[in-house]
Amino acid sequence: MLRERLLEFALPAAALILALFFWEFVVWYEAVPPYVLPAPSLILKTLYIDWWTLYGSLLVTLRITFEALLTAILGGVALAMLFAQSRVVERAFFPFAVVMQVTPIVSIAPLLLVYLSTGTAVLVCAFLVAFFPILSNTALGLASADHNLIDLFDLYRASHWQQLLWLRLPSALPYFLGGLRIGGGLALIGAIVAEIAAGSAGQGAGLAYRIVESGFRLNIPRMFAALLLISVAGILIFLFFTALSHLLLRRWHDSARRKEA
Amino acid sequence: MSATVEKQAASGPPSSGASLSGDALVSLRGVSKVFANRVTALAGLNLDVREGEFLSLLGPSGCGKSTVLRLIARLTNPTDGAIEWRGGRPEIGFVFQEPTLMPWATVFSNVFLPLRFRGVSRGEAKGRVEEALERVGLSKFVNAYPRELSGGMKMRVSIARALVLRPPLLLMDEPFAALDEITRIKLNDDLVQLKVALGATIIFVTHSVYESVYLSTRIVVMAPRPGRVVANIPVEAPLPRDEEFRLSAPYAEKCRETSIALHGAMEGMSLA
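Line by line, the protein sequences are chains A and B. In terms of the numbering used here, the first sequence opens at residue 1 and continues consecutively. In terms of the numbering used here, the second sequence opens at residue 1 and continues consecutively.
The shape of chain A in the complex, shown without the other chains (with noise of 0.2 Å):
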């Protein structure tokens, strides 16, 4: 058991380093230049010469991603509950949610750069990415209630607050929580297609901008670090709503179940 957990671990992190150290090799073998291709060692240097550069710019994204999250939540959940109370909302209000999710964001980021002032623009963007699938995963969450307990709330006389706060809610948190760690990973795409797309720079400059910037100055080690530490921000933002969910879900759903040997 415990073996095999540690292999769970081990196995990825080895290839990781092996990786690393092939990649170290290559650089240093075959002489590339760092404004080709720059060594994980040199990216790693950079990163802590830059540190405070790119830290305040990950903040910058961070924070625009978790209000665009935020915003997306309550958005998401309360007209997911309204689209649960009446069936004539949801059939009106269905089709622009659709819209709003196949229509590429990169596409709508200049018309809303035109509209907004830069920092709203990228908010609204991300915003909108995240709305989706927190909406229509609680929605479908809040129809998915078992039939039988929905007859026997009707059979006790239930009122229709009831019926949502003790038995729609609670049959719907684990499609929430699954919206949520889509939509978690898709407010960070956002943010970061939407900064792209508006190029600010200056005091409120996010990682995206970071990168642009280092593609013009050449600045490829900048690059590779303001890359990883998107990267790294992604996984965690994954990690911590797996988490979430885990710790939510582990007593009685079966999306938490331990498999048994």
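Since the hints were derived computationally from the structure, they do not count as laboratory data. Treat the hints with caution; some may be incorrect.
[Claimed, not checked] Stretch-level coverage of chain A by chain B, calculated; a stretch enters the list once three of its residues show a Cβ under 8 Å from a Cβ in chain B: (1) 139-151; (2) 154-167; (3) 245-255.
C-beta atoms are modelled at their ideal positions from N, C-alpha and C, and glycine is treated no differently.
Starting from the structure of chain A, add chain B where the hints point.
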């Protein structure tokens, strides 16, 4: 004696209590049910449920026996006819074919649910929830989650939930159909004990001849297309019953009689 009439056919004045037969708790008078897809589940059904009896509704699929329960529980309304209660509609407990538990809630919270609807606080409910769980032999599992329980235990929790408001009428819709034979025999035995201890009226839907004979004081055999009553078989053996009854000659004879009635109900049905 007063009668509440839930739905009256357009013609005629509301019937008085006199139309109810002597000790009927609830009477279905000419009840028809046609679904939206135009399938006639029941056609002019007349059925008296007597106070304190264990009534089994036995019949092949599609004979409308589950619909009878849903009508009595007011989960659906009759297309025609009336459902009359003596002394008003009582509190009703309902046990579904599946355990129908909330997977996110502990055994305690699941059994507590009906009390919660009645505005009872968790603290006040503690004693009654524990009592209901004790009746089904699950006192030790108050804090367990449904997925930690076996199929039979889940069904027991479901029964405890139906009992927690101490309803004078308990409706059970093929509650043991999905369980294995051994578990089913054990639960049948326990249900007989429960029936004697509670004295509640029970209407039990099943398509098992043996189960209906073992449990019931009366069996109503129903036929499909359209759903109607074709036989009325009293089972005289006194409650409680045990393994001895299951091995006795009267039991075998009753099973034979009931099987013949059931075969009659299936006459003309195409082989499915």
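Status of each hint after checking the structure:
1. 139-151: Holds, because 4 residues of the region 139-151 of chain A bring their Cβ atoms closer than 8 Å to Cβ atoms of chain B.
2. 154-167: Coverage by chain B holds here, the residue count being 8 at a Cβ distance below 8 Å.
3. 245-255: holds (count 4)
The earlier numbered hints are all upheld by this structure, with none contradicted.
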